[in-house]
Every structure is written in structure tokens, then in C-alpha cells.
Amino acid sequence: MAGGPSRELLAELATRPGRDTLTSTLVKGAFITVSLLFLAAMLFAPLITVFAAAFEKGYEAYFEAFKDSDTLAAIRLTLTVAAIVVPLNTIFGIAAAWALGKFEFRGKSMLITLIDLPIAVSPVISGLIYVLLFGTQGWFGLWLQEHDISIIYAVPGIVLATLFVTFPYVARELLPLMQQLGNDEEEAAITMGAGGLMTFFHVTLPKIRWGLVYGVILCNARAMGEFGAVSVVSGHIRGLTTTMPLHVEILYNEYNFVAAFAVASLLTLLAVVTLVVKTLVEWRTGYRKR
Amino acid sequence: MSIRLDQVTKRYQGAPVVNDVSLEVAEGEFFVLLGPSGSGKSTLLRAIAGLTGVDHGRIHLHGQDVTHVSARHRGVGLVFQNYALFKHMTVGENIEFALRVRRVKAAERLKRRRELLRLVALEGMDDRLPTQLSGGQQQRVAVARALAHKPQVLLLDEPFGALDAKIREELRRTIRQVQRELKITTVLVTHDQEEAFALADRIGVMNLGRLLETGRPDELYARPATRFVATFLGAANLLLAQQTPHGIRFGTTPVRAQPVDKVDSTREHEVVAVLRPEEVELAPSRDALQTNFIGNGIVEEIVFTGALERLRVRLAGSSEAQLVSTSADNQATNAVLEVTRTQHEQRAFPLSVQQGVAIGVRRIHVLPTPLSSYTACAATSEAAQRIVQHPFLTELAARMKTRITTRVEEGLAQSDPNKTAAERISGVAVIPAQGQTAQQAAWLFANGAGEVLILPAHTGLPQRVLIHWADDHARRSTLAVAASLLRNVPAEAIYLGIHPGAGDERRIAVRSLLDARTEAQAIHGLEMRTELHFGEAAEELRKQLSEGPEQMLILGISSIEQLQRDYASLFATPGNYSIMLVYRPSKESESTERTDTTRDAAQVSERAAAQL
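Order-wise, the sequence lines are chains A and B. Residue numbering for the first sequence follows the working numbering, starting at 1 and increasing by one per position. Residue numbering for the second sequence follows the working numbering, starting at 291 and increasing by one per position.
Wrong hints could be hidden among the right ones.
[Unchecked claim] Distance condition first, Cα-Cα at most 20 angstroms in a straight line; then the derived SDA-like pairs of lysine to any residue:
hint : chain 1 : residue 1 : chain 2 : residue 2
1    : A       : Lys207    : B       : Leu423
2    : B       : Lys395    : A       : Met198
3    : B       : Lys833    : B       : Ser859
4    : B       : Lys709    : B       : Thr670
5    : A       : Lys207    : B       : Val391
6    : B       : Lys377    : A       : Lys28
7    : B       : Lys377    : A       : Ser6
8    : B       : Lys709    : B       : Ser859
9    : A       : Lys207    : B       : Phe376
10   : B       : Lys377    : A       : Asn183
11   : B       : Lys377    : A       : Leu181
No lab work stands behind these hints, which were simulated from the structure alone. Computed from a prediction, not measured in an experiment: that's the story for all the values here.
Here chain B stands alone, though its shape is the one from the complex:
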């Protein structure tokens, strides 16, 4: 491994700007760090270069731990967005600077300078001053200068930021060529996905200080794991679909989806589907569609962009698909689908604005995120509205680009086990924290909810998220929920392992702690810290939650009894912290659940029909 980062964290004034990033870049690989501004990608690059220290974690270059080695001795080449050329030196002097530092002989310096200028196609420019060069040429000089001392790693911080489109493309090609020729490990930071696609062997997408996903460009585009990556890499429509044992459906319509192993397909639940604009088929009528029909729509806007035509199609209210958002806007209520069509498609079916069309879906990709949408649940509609307006919930939903619906259930008032919900609860059920919280949560779980979010009256986004599960059956799903949530909230994740006694158990406890961390990292891409505590679980959690401001607990359980038996004291008096409960029945109790699913599936389709 050429570069290895291990749980690197950097804080500015307490807030993490780089949050637990672990990454490996192979020898000779071109790695692109992609993210919006403020995502921490530049800070991470500077940390690799040694210009910024890290608060936690380790940095290895070529197998050597350089965490505490100064930038001067790390032997990396760095290229800045604003070139940072020495303006009082000529091009030749600039390039030779690193060699002069190393007291290389003049003849050898000259040879190396020639070599580098040839590499970046600037032969004969030796005696120019940087101010006499164009922006593109200056950046070439900067690249040559960064390579002069034969660094083992080349780092580029938004190198094309200050250049116009045409020169950008030219320079991009030059950098790719240089990288191929020298086979030098390269990390480039950019916010431009097109640039990332064009250059990268592998892309890492960052947001809010976290490295969300890494992968080959085509893989990331076709099979993103998170909403952010789905919408940041190219355009995407996010839709709510139903996962059933028989496949993915929009209402009653089955659609073709790529198989994703992380999605739990045995359980009937709501999922988030990514529909790329080019996977949408438009036709004059339902019968003319070659793919599965998901609804009717009206063309709102057509933009000609050359090879492709971009359309915005408003979904009719009767559509089977529920659109939550597109990458263009975060308005959850806005049911406008982004569509692109090729010239060929345009000729086959010419369209004009205000025309009605039938919409079909060629292929979708289901995100393996367990948090699809939020449902505010209450006994009265006023109470439900209050939850919807909770600032924590609105902020979270906006960040996750999803929607909040309301659900009025009378059964919730007394948590009457005999009174069942009118229909299955889908998405994350949200209830306020009050006296009966535990009973209400139990009731919601019994009625199909998989996750319940309990919000106290006044709470903001957490700075610390504590993770705990009652037993190993709940581990995987709890970690999945935690990972999904923490991608959208810049908080620190801490897993609390709590064991009743000391003695021999300690060793087992430590091992399970390490297992949890490894699993979080390997399967869910979640970096979390671990803490081991001894005592009674609910008491210990209460103690941890009461110290410090703005905390959140993610608690996984595998049977409803656990909630009332072991954790009741957590809910007895509402604190100032929010709790996300994750409930997945363990395998033993699942057999009874199975029979329910068919009934539920029927119910879901009925509901969909009712919405038509």
C-alpha cells in the first residue's frame, strides 16, 4: 500500500472536519477524493502532505508511519489550486528549487529540468517568469515542480479550479499521461464529478468529513450505497419502493432492480430506489412502453444539451412511484422526475412541453440504507403535525433527502395491543418522548415498524451518537441504521459495550467490542470508537447520555420484551437526548412473522391502489 490512513480525525474548534477516515491507496493508483466544498477533502489531503496535523489516527506512506513526520521530510509532491509558483523565479528556477534544496549539482539539475519540461510539454520555457505564462501553463509548471524531487506520492488540490473548461480538459489529459508514464501514486481532490470520472482509477466520495464510499467510477455510479453518493455522482431520482420477498415493487408494479446483497430481502419493508434519468422510458401510452409502467406524467421542461435531451416530467398524483427527491432539488414534495433521452429516443417519440406521457422504468438500484422515510405517528393529527415541525426531524429529513409523512393511529393513545394499525407502518416511525414512550414503541414494532425515533421536545442534531444493542441478533441491523444516520450527521460515533460483571467475561467483552468495530468498518463503512463498560445496561446508558450536550442513542433490540424488561428505565423520565430504536426480530420468532408478510404485501398493494 502506498498510502494508508487509519481512522484519521481532524477537528477545528471541537467540530470534526475530517471524521474517522480510513483509506488505502495502492501503488501507482490514481485516487480521486470527491466531495462538495467543506466536506473535508482538502484538509485530508493536507494531512497526507503533513501540512495539517491530525488529532487522532495514523498516516502511513509506503509502510512507514509518518503521522508525526514533518511535511518537509515526507517526500510528497503537492500542487495547489492557485499554482503557488515562486513569482520572482523563472520557470527553470522554480522547477529546480527542490533540487537546489537537496544540493544537486547544476548539470544534473539542468538535465532533470529538461526532462520535466518535456513531460509537461513546456520545452524552451525555462527563462520565462510565471507571470508571463497562461494559467494552464503555470499549473503545468507547478506539476513539474512538484515532481522534481521524485516524490513517491503526488497530491493535487483542485488543480483545475482556476482554469476554464477547454484548458481544464487539456491539462487533465496531461496529468493523466504524466501519472501513467511515471506510475506515481496520485491523490487528486476535486468537487467536479466529471473530472473524477475522467481521471480516477478509484474514487472516494466525502461528505461532512466522512469518507462515504470508495470504488471504481463505474461501480460507484451503478451501485451507490448511499443517497449522497447516488445524487452527487451524476443525476438521480430517489423513489420510495417496497421490498417484498418477491422483489421490488412500486405499489403493485414489479420493477427490475440490480441485486444488492446488503438489502434484507426477507423482510417486507420500504426501501429507497435510485432511478437514473437515462433509465426512464417515456411513451405515448402505457401499452407502448417496453418496460414496467410506474405512472403518468406531464412534460414540464425540455432542454436541448447536444447529444442528450434533458426533461423534467411532473408525476401525476395517481402514479405508483413515490418520488422523494432528485439530485437537482431537495424538495421532498416536488414530484418532478428528471429524464434524459438520446437523439435516437427523441426521433422515435418527439415531445413538447405540456404533453402527457406514460413513464416506464428500465432499471433501478436499491440503496442498502435501512432509513427510507419518516412517519410521524400520533393519536391525533395535531400531535402528528407537532412532530413533523420538530426542527431535528425536518433537518434530518432534509439532509437525507427524504420525506416526512404523518400517521394518525388511535391505537397509539393507550398502546392497546388488541388494536392494530390500519396499515403497516412504513419507514421510520417518529414519536415524542413522554411517559408512555416504551409502550408506544412496542406497539409500533408490533405493527410493522422496524425503527422508532423518539424525540424529546428540545433537541438539536447530536454531536455524539452512542450505539448499543441488546444482543448479537440486533447487531447488524443496528450498525446499518447507525451508518446510514451518521452519513448525514457530522457526529462522532461511539459503540458502548456493556457487560454485567467483571472477571472472565472481560476477555469476551473486549473481543466482542473489536468484532463490532471490524464489522462496522467492513460491512457498513462506519468508523466508530468503542468503549467498554460494566454494569446494568440501561443504567449505564442513562449515565453516559446524561453527560455532555446533544447526544443520541441508537439502540438495537431483537425482541419487544427486551424493550420493556431491560430498557424501561431509559424511557421512564425523558432526558434531553433522542433515541433511535431498531427492532429486527431474531430468527426464532421470525417463522410466525413470515406468514404475516403475504397479508402485508396484499395490504401494501391495496394502499397503493387507494392512493391512485
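Just chain A, same shape as in the assembly:
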């Protein structure tokens, strides 16, 4: 269900008269040039810089950077947080989109706006919310201390902050899709005797899978890359509560540029890989359908 016009349609469009006048060609060329230049300056140049700086002192220095135990701990923590946050937010996102897309109730539009709150609020504030709630001076601080539970400056705090920040991605992606696709197929399944779970897994999920995949990828990218909120709640304890983005900053501040950019390149690579996977998946299913 990849979007956009089909190949046949594009081919047909190209044959229509009145397409290739001189001005239209010029305008087209100008637009493409401007877009490419912008992309080059804003996107490709930083990307290349990251890798260039990482390999400045050769391959060995690059791979040496990953032998550091703190770096490995940071990578492990980042993956752990993503492994907890992404599935949780996938489930929450589907549930929220379902509730908002299929039912009518009071305060619905209010709720839709609220879902966007984590995107609207500065990540630093998102982190501070948790400090205010669970920190030693916070609302639950005393109680947590008495029971010897640490949330702030520990992994649970990082997970909570990341959860909050990445919540909207799946829900936002699915909501318009659910509204647009309607209920007919689900209702058809129900009249044929299918139960709730069967209807969800065999009818609804296949219908929304591409939106879901896209939402999950975005959610994952943000979960791995989140800096602001995590920075506030983590406490920057090396080897314990530093995620990859935080670790990059620490290394950079220590003038350990090669190591800093090496970790940064890994983060970038993760992002690029997820995007490639997404494109691949889309392309393959598109191919199968045709």
C-alpha cells in the first residue's frame, strides 16, 4: 500500500501534451537544483563530517574507541531503553489511535491535542517533570527514598523520560490512517463471526501495518537519539546512566574527538539503517503486489 501514483500513471502523465515547454524545463531544473543544494548543505555535509572526523586517525583508532567499557555500557543502555520503550509505545500508540479513531466521546479533540504535548514541550522540560515528581525534593521523593527505590539518576528515570518523549510517534502516525480507513472491514469480519482478537490481528493490523512500521521506526529513532530529557534525569554517571548521545557529549567535552565521533557515527548508522530497512520493506511489498 505504498502511496503515490502508480508507474503506469506516471508513464501516462509523461505522454500528455503540453509538458515540456522551455520555461517548464527551466523551472523544473531550478527547483531540483535548489533542493539538492539545500540537502547537500544541511544534510549531507554534516553526515560526511561525522564520518570524516571519526576516521581522522585511521581505522584502528576508530575501532579502539569501541573497546572502552564505558562506551560499550552506553551502547547497551541505549539498546535496553529502546527495547523497553518501543514495544510499550507501540501498544499505547495503537490503543490511543484506536480509541480516538473509532469512537466519539466528549473531549476527544482535546485528547488529540494532548497526545502532541510531548512534541510541543521542550525535551528539557519533559525531563524536569520527572525530576520534580521523583527527585529527592519531588512529590514522591521521600516515599521512594524510604523504600530504597531510585528512579531519577537511574535507568527507570531514563526509560520514563524516553517513554514520554516518544509517545506521540506511533499514535500520530496511526490516527489519521484509522480515521480514513473506517470500520467497514472490521464490521464485516464481526458479522462473519470473528471475535475481537481475530478481527484485530487478521483485519485491522494488516490494514494499518505500513503506518505502524513507520511510526515504530520514528519512535525507535527518537528513543535512541533523545538527548535533552534523558540528560536531565540521567545524572551522567559514566558507565551506568549515560546513553549514547550523552556519552558522545562527555567524550567531546574531554577533547576525545575520535571516540566522540566514532560513537556519533554509530548512532548515525543506526538511523540510516532503519531508514534503509523501511525503504526495503516498502519496496519489497510493493513489488509483490505488482
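We have chain A; now place chain B onto it with these hints.
Just chain B now, kept in the frame of chain A:
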């Protein structure tokens, strides 16, 4: 009975979208629910399928009450307008879905799939994806899929809506064949009357949430009971005619009408006649007509449509017939008659635009509705004009596709019993609510009116209509008026039975209540709720009317004295509710009335002549 609905009501935000619908569909019957968009037909279908809950009433499938059974367990097959196929599954997987749900073995599933694909003529399409099929083919798959689990009832919601004309017809034939072959009880929802005629064993016409009429297609077309059905099923011209003891007349011209038992033929009154375009005869002159002449006209428009020729003929002002509306437009003032002629007729009398013709009527059908037209009555013409512009009245007249005329009667000012009307009051007399309302109503009844509508200065269409009658003589006519009115107003109908005392009377009271409901349903097709109250009638009515907004009272009486004696307090201080008074003299007092009718008939024809 395969499907039985009993007083099903569904409300959205307080407003009923399905209003007291009762219906029975026989085993193996093909039933078509026909109505304009927003008439509640799809909601009703979804209620049968169990996808929409109902607020009131019961639904039975094959003798079992399934009102609270979920859609999953009702065992119906449902086909949607937009196919609702599972796009990620192949045709075969789609069809097998219901069987997979039931854990049917693969071999058996395959067998059933083959069978169904043969049934809808799509053999060999098993492995296609829905997106690779045309719209018509997709809908066939949807039909096959809906039949896979052998449902006892097949429901189709506008299945041809998204298809073009040619494929529509093909699919229509397929569905009819499948239905015949499987003998499955089927309910189809559509807004297309041609589709309904082509498919249905029986049609039910819905409007404003009410099921107006049900019947065989030919019956409904030839003998509709309501204006809506008359104009919605095919084209129709609505004309005002006079019912006299000697038959139906347009002015002085008697016309041939099909006998309708529900029309009260003993009383001289105005009726609404349905004239189908194909029942109109056109001829060069009055003498050349083979049928009864009703007027002259000028051809305004001729449209060639193949087998038939469609004409619009403007009636000359001198015509005997008074046209109220046609199905094409609701403009009551527009005196344009719709006519169709066959090739044969065209050859016999070729016509061109602007040509003058004589118009004859082969056959008409009289609607058994007691509300024909509205007459705003007042002592001065300014007052009459004010009534005509009342939003309630204009809305009602527009909905009923009828006209409002004005009548200035000086006798109305003092309600002087000695001063009689210049001519009989025809149609529903409309007067404003004010101090002398009761006397004015009495005066109007004495001068030939059968119904008087009393409008307060500010009132909208009612949400609740209360029905009450003074004694059993008034019952039938009151119910007829209520049924006619409620077909055009989406309000809830409640019959108030009011009895003076308690004790033994209670049992009689309850019985009369049930009788009233049964009669309303059986004879007038009116679904109403009933309430029993004890006390003094006028007081009790006042109390009920004063609570809640936008109410209306339909009150039936059988003698004018009742009005002044028993119900005077209702009119003493005008409330915020409208009142429709229905007066039919009881049999005892009718003998004196009879002698009047001949005089009246003469008067009517004089009036008609005066209008020439």
C-alpha cells in the same frame, strides 16, 4: 417469519433516526428498504445485523429474540456499499474467512469456496487480490464472502452504489439469481426505486425514520397511501379533488378513480389525487379527448427519452384541476403537469413546444390522507397573510407538498353562529391561538371544516405529538390525521388515554388503550406509544403539554359542544403548543348533515366555475 422487528427505535443525540419501525419479512423473501438518504434505512439494516444497538423495541430472527445478541452471533451475511473486502487477502482467503473463524477443515473450505465462486460467476479468480478486480467483481466477491457461513439472512447495504449503470444491472441479476437459488431471506437497502422494482418481492418505503408503507412493487405504485410514497415511487402529479357522495370530481368534472376503502366517501371533502404522468391524455381539443377533460394547457418542454416522451404541460388558469405539486418540484404554485407519452401516442398526435392542448385524465388514485391542503382563515386579509407566513405552517406545507390558501371570513371575528361562511371551508383551517380560539374553531366546524390547526405565535415543528380523542366516534379520524401528520414530521407519537376515575374502570381503560394502539398500527400504519392518565381530560392534557418543549396536540371530537364544554380550558390561555382539532360528527347527528351535502356539492361546483 424470518425477520421480525417490533417497534424498533434508534436515537442519535435525542433525535430518532429510526422511529417505531415494525416489520415482518417472510422466509425466503426479497425485501427492499427504499428511502432517500437520511431516512434511517441503513441504520435499520445495521440494527438487524447487530452492528447498531436499538434504544427501544425488539428484533427477532427466525423466532429468536436477538435484540441483545451481538453481531458476531446473529449469523447474518452483510454486504457493504464499498465492498469492505480484506485487501491483503486473496479472493479465496476472503471467502474462506468466515469458515476459518469456525475452524472448518481446509478441504471443506476449498469445496465451499469453489461452490460460492461458481454461484457468483467468478470461477478461477481464487488467487487474485481484490485490487486486481473491477468494482463489480469485488462486489460479487463480497456477496460470496457474506454467504460463506450459510447465514439465514442476507443483508445488503446499497450494494450497487459505487458501480456504473451497466455493471449495476448485471450484478442486480446475479444477486437476484443467487437469492432465488439459495432461497435466502434478503433485505436490501437502496435509494433507487428502479432497483427496488427490479429486485423486490416486497418494498418498504422509509422516510424520516418511519416505515411509511410496505407492499408489492405494483401495489405500491398503483395504490400508494401517502404523498411521499406516491411521489418517491415514480413520477406523480398531486392534484386537489373533491370527494362527493357520487364520486371524485375535479371541479365539475367527474373522473374515474380506483376505489380506496380508506377514503371516507360519505362526507363531502377535499382529497389529494395522484395522477401518474402516463395516465394523462393529451388531445388537440376537448372533443377529441377520449377521457374526461380537466383543463387546457400549453406544452412547455418536450424531452425525448427513447421509448417514452416526457412533457411538461402548464395548466391554464381556467383548469378545473388544482395542481399542488409534482414529484419533480415542490413548488405548490407551479402549475406544471408532468406527462409521458408512448411512441404510439406521439405518432397519433405530434406535439411541439408552445402548442396548446386539451388535457384529459384516464385514471387517478385518491390518497386516503385526511390532510389535503391548508386554508389560513382570518377576519381580515392582513391577519390571514400573517398566518400564511408562519414558519411552522410553511414548513409543514412544504413537507406535505401541498399548498396554503387564504380565506377571509368576517363571521370569524365574532364567531357569529348566524353568519355563515361564503363557501364551505375546505382543507385544514388554520387560525392563530388567542382568546377566542375555541369559538372560532366551533364556527369553522359549523361551516364545513373537518380539521382546525391552532398555531401559537412562536412554535416550531414538534418533537412530541400527543394524541387524544373525546370519545370513540372520533377515534378513527383522529388516528388518520395523526398518521398523516406524523409521516411528515419526525416526532414521537404518544396516545394519552385519560379516564375520570380509578377502580374498575382501570381494566377498561387499559383495554381501550391497547385497542387504540392496535388500530393505529393495523389501519393507519402509525406506531405510537400509549400512556394512561386519570383525571379531568383538559387539565391532564394541559399538564402534559406544558412540560417539555415543542409539543403538539391532536384532539379528536365528535360534537362541537364537546369542544366548548370539556376542553374550553385548553384554549383559555394560549400555551406554546400547537393544536390540531379533528371534528367528525358522530352518526346520530349525521342525518341532518346529509341534507346539506347536496347543497354543498352545488356550491363547490359553483366555486369551481367561478375560478374558471
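Status of each hint after checking the structure:
{"no.": "1", "hint": "Lys207/A <-> Leu423/B", "result": "holds (18 angstroms)"}
{"no.": "2", "hint": "Lys395/B <-> Met198/A", "result": "holds (18 angstroms)"}
{"no.": "3", "hint": "Lys833/B <-> Ser859/B", "result": "holds (12 angstroms)"}
{"no.": "4", "hint": "Lys709/B <-> Thr670/B", "result": "holds (16 angstroms)"}
{"no.": "5", "hint": "Lys207/A <-> Val391/B", "result": "holds (19 angstroms)"}
{"no.": "6", "hint": "Lys377/B <-> Lys28/A", "result": "violated (37 angstroms)"}
{"no.": "7", "hint": "Lys377/B <-> Ser6/A", "result": "holds (17 angstroms)"}
{"no.": "8", "hint": "Lys709/B <-> Ser859/B", "result": "violated (25 angstroms)"}
{"no.": "9", "hint": "Lys207/A <-> Phe376/B", "result": "holds (8 angstroms)"}
{"no.": "10", "hint": "Lys377/B <-> Asn183/A", "result": "holds (14 angstroms)"}
{"no.": "11", "hint": "Lys377/B <-> Leu181/A", "result": "holds (12 angstroms)"}
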